[in-house]
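Chains as they are written, first to last, in this note's numbering: chain S, 123 to 460; chain U, 5 to 193.
For the record, the hints were derived by calculation from the structure and aren't laboratory data.
Hints are not guaranteed to be accurate.
To be verified - Taking beta-carbon pairs under 8 angstroms as the criterion, some of the chain S residues facing chain U (in silico):
1. 160
2. 161
3. 162
4. 230
5. 257
6. 280
7. 283
8. 284
9. 286
10. 289
11. 404
12. 405
13. 406
14. 407
15. 408
16. 441
Said to hold, decoys possible - Restricting the straight-line Cα-Cα distance to at most 20 angstroms, the calculated cross-link-like pairs of lysine to aspartate or glutamate (DMTMM-like) are:
17. U:188 with S:272
18. S:299 with S:339
19. U:24 with S:446
20. U:24 with S:442
21. U:188 with S:275
22. U:24 with S:444
23. S:428 with S:141
24. U:24 with S:412
25. S:299 with U:63
Stated by the list, open to error - Sample of chain S residues lacking proximity to chain U, with all beta carbon distances greater than 12 angstroms (derived):
26. 212
27. 301
28. 389
From a predicted model like this one, the values you see are computed outputs, not experimental measurements.
Don't be surprised by glycine CBs; every beta carbon is placed ideally from N, CA and C.
Single-letter residue listing:
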Amino acid sequence: MPLPRLNGTLTPASAPRHDQLFAGQVVSMAIAVGFDENGANRPVDASLEEGLLARGFVDDPDAALARLAAAGRPAPQRPATHLLARGIARDATGGPVDAVVTLLRAGDGSGGGDVASAFLEALGRCDVVAYGGHGRYGTGPDFDYNFTADLLDEAGNVTSSFSEYRDLEEALARRGKPHGRSALAEYRLLTKQRRLVIRRVNSGNLVINLRNYHAGEFGSHLMVDQLQADPNVRRMSKQRFDKRYRVWMFNGCRTHDYFYNLRKLNPQVNAGGLDLLGTRRVIYWGQIADSLLALVDGICARDDYKHLLARLSAVNASDETDAETTGPSHVVELARRP
Amino acid sequence: MPKHLDDATFLARLAAFSQKPRPAEALALAGLGDERALPALVAAMTDTMEGSDVVRYREAVRALASTPLLQRWLAGDLDARRVAAKALTAHDASHVPLIARALRDEDDMVRAIARRSLRAWSASPALHDLFREALANSDPRVRLLAAEGLGKLGGPADVAALNDALAAETDDAARDRIAWAVEKLETDD
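Start from the sequences and build out the full structure, keeping to the hints where you can.
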């Protein structure tokens with residue numbers, strides 16, 4: 123039986139509700155960059171800030187927070203970088219609209235739990251929120267390492283240690299090959315024998331979905347196993363949000379995997395209207411900063427969703443020779459219009 | 005045995021790969037044995053987020069980046085050192101001295117990349133020695149990883165060094181991990 127899912131659409135007929143996003147002549151946005159075990163998130167952190175400054179945003183947290191307060195918007199409750207751009211957008215009557223962007227970055231992952239908390243808070247507080255980073259096989263955003271896995275010999279001595287899926291997958295595939303076992307079969311066998319000891323690190327994970335939409339990929343099993351076994355993991359379905367209109371974009375690999383659960387399992391966040399943007403294929407770290415900035419540009423330019431998708435696709439070029447990166451990059455899943 | 009292309013053809017292929025990386029071409033470029041391909045191969049490896057291509061880019065980087073090559077690049081200019089650091093792995097004992105060197109690099113990005121490599125390793129005497137040495141590194145995150153590694157692959161002979169490190173440690177997270185390593189090795193004894 124196929125897993126339930128919403129794929130989103132490439133041909134949306136409507137636009138973000140700019141009148142609501144721009145209420146009080148200000149739009150509040152949060153842009154978050156997730157974590158990568160190889161440090162690929164670090165250049166994105168820098169490019170994003172440079173891109174915002176180049177667009178006229180200024181790093182003036184006092185002014186940014188004062189602008190939010192003046193518009194009656196909730197104040198951020200957690201430490202972050204706040205930037206302000208005055209008059210960067212126009213409302214329906216041509217009046218100037220200011221934008222406040224809160225930047226959240228996982229950095230070296232050591233404070234991933236705190237960044238995840240700030241991201242959750244921003245999802246409730248801001249009009250527009252975007253995440254750029256690993257999709258974590260459809261499970262949700264992530265702001266830190268996920269695990270350490272120790273491989274033990276028969277005497278119980280640690281012979282190898284791993285902290286990244288692909289690294290572990292390669293080692294297990296190599297080890298299982300002479301016995302005709304796949305990496306996944308080797309993983310199952312060694313964990314059962316307690317010769318692969320996994321210590322999960324889930325404080326930076328926000329779980330949207332625990333269905334495994336990518337069962338053909340080794341990392342998905344490890345990811346889902348570790349999250350399912352963790353009683354303290356933070357689930358998006360358990361979060362409380364007030365009733366208001368929001369736009370969220372998840373800019374990781376194949377994040378349309380998130381749609382079903384965000385729509386079906388969290389009635390509170392959907393009550394005020396929630397427009398979702400996600401990806402329908404694999405994307406690359408090198409395009410994440412441009413994608414997040416494209417969203418800021420599109421919101422400020424009052425793009426309808428068709429143009430916003432085109433803007434996002436333009437910075438995530440399709441590769442017709444590669445099945446994983448063919449076609450438009452992003453899709454939308456829109457809240458029902460009144 | 006590496007194949008040889010004329011320079012213009014090689015550079016054209018490299019430019020095309022940099023523009024649009026593909027795993028098969030990565031392996032083919034690595035097979036040519038020309039180290040000028042290393043930055044593009046490393047970029048493809050780190051830029052790829054999910055999917056089966058990642059493993060093949062890693063294979064390509066490993067095929068080209070021999071230990072002597074990495075040693076030379078780590079003695080080179082900043083760009084070369086940053087590229088070479090990304091190809092280091094503590095699963096290869098011959099890389100361990102290079103990681104030790106990169107941990108002392110003057111550039112913080114090179115040091116950060118080298119630090120990350122201490123999170124994944126295969127046990128070797130060289131690595132054990134590196135963990136011992138790294139207990140005194142100036143970065144508490146390195147000291148934490150050194151303590152964690154030593155707690156996993158060390159033995160009773162390491163307890164005194166860990167206790168000295170514990171007495172000197174000023175960082176809470178590193179101190180916790182050193183204490184864990186001491187306790188573990190004493191329990192194992």
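Satisfaction of hint between residue 141 (chain S) and residue 428 (chain S), Cα-Cα up to 20 angstroms: 18 angstroms, holds
Minimum Cβ distance from residue 212 (chain S) to chain U greater than 12 angstroms, as the annotation requires: At roughly 35 angstroms from the nearest Cβ of chain U, residue 212 (chain S) sits farther out than 12 angstroms, so the non-interface label holds.
Given as non-interface: residue 389 (chain S), which should sit over 12 angstroms from chain U by C-beta: Non-interface label stands for residue 389 (chain S): nearest chain U Cβ at 30 angstroms, farther than 12 angstroms.
Residue 162 (chain S) as an interface hint toward chain U, with CB separation required under 8 angstroms: Hint holds; residue 162 (chain S) Cβ to chain U Cβ min 5 angstroms, cut 8 angstroms.
Straight-line alpha-carbon gap residue 24 (chain U) to residue 412 (chain S), limit 20 angstroms: 17 angstroms, holds
Given hint residue 257 (chain S) near chain U, where the shortest CB pair must fall under 8 angstroms: With a minimum Cβ separation of about 7 angstroms from chain U (threshold 8 angstroms), the hint on residue 257 (chain S) holds.
Interface hint compliance - residue 405 (chain S) to chain U, C-beta minimum distance less than 8 angstroms: Check passed: Cβ of residue 405 (chain S) comes within 6 angstroms of chain U, closer than 8 angstroms.
Residue 161 (chain S) as chain U interface residue, shortest Cβ-Cβ below 8 angstroms: 6 angstroms, holds
Interface hint status, residue 406 (chain S) versus chain U (Cβ within 8 angstroms): 5 angstroms, holds
Reported absence of residue 301 (chain S) from the contact zone with chain U (all CB gaps over 12 angstroms): 20 angstroms, holds
Evaluation of the interface hint that places residue 280 (chain S) against chain U, nearest CB under 8 angstroms: Cβ of residue 280 (chain S) sits 4 angstroms from chain U, so the hint holds.
Interface hint outcome for residue 404 (chain S) [beta carbon to chain U under 8 angstroms]: Status holds, d = 5 angstroms.
Hint violations for this structure: none, all hints satisfied.
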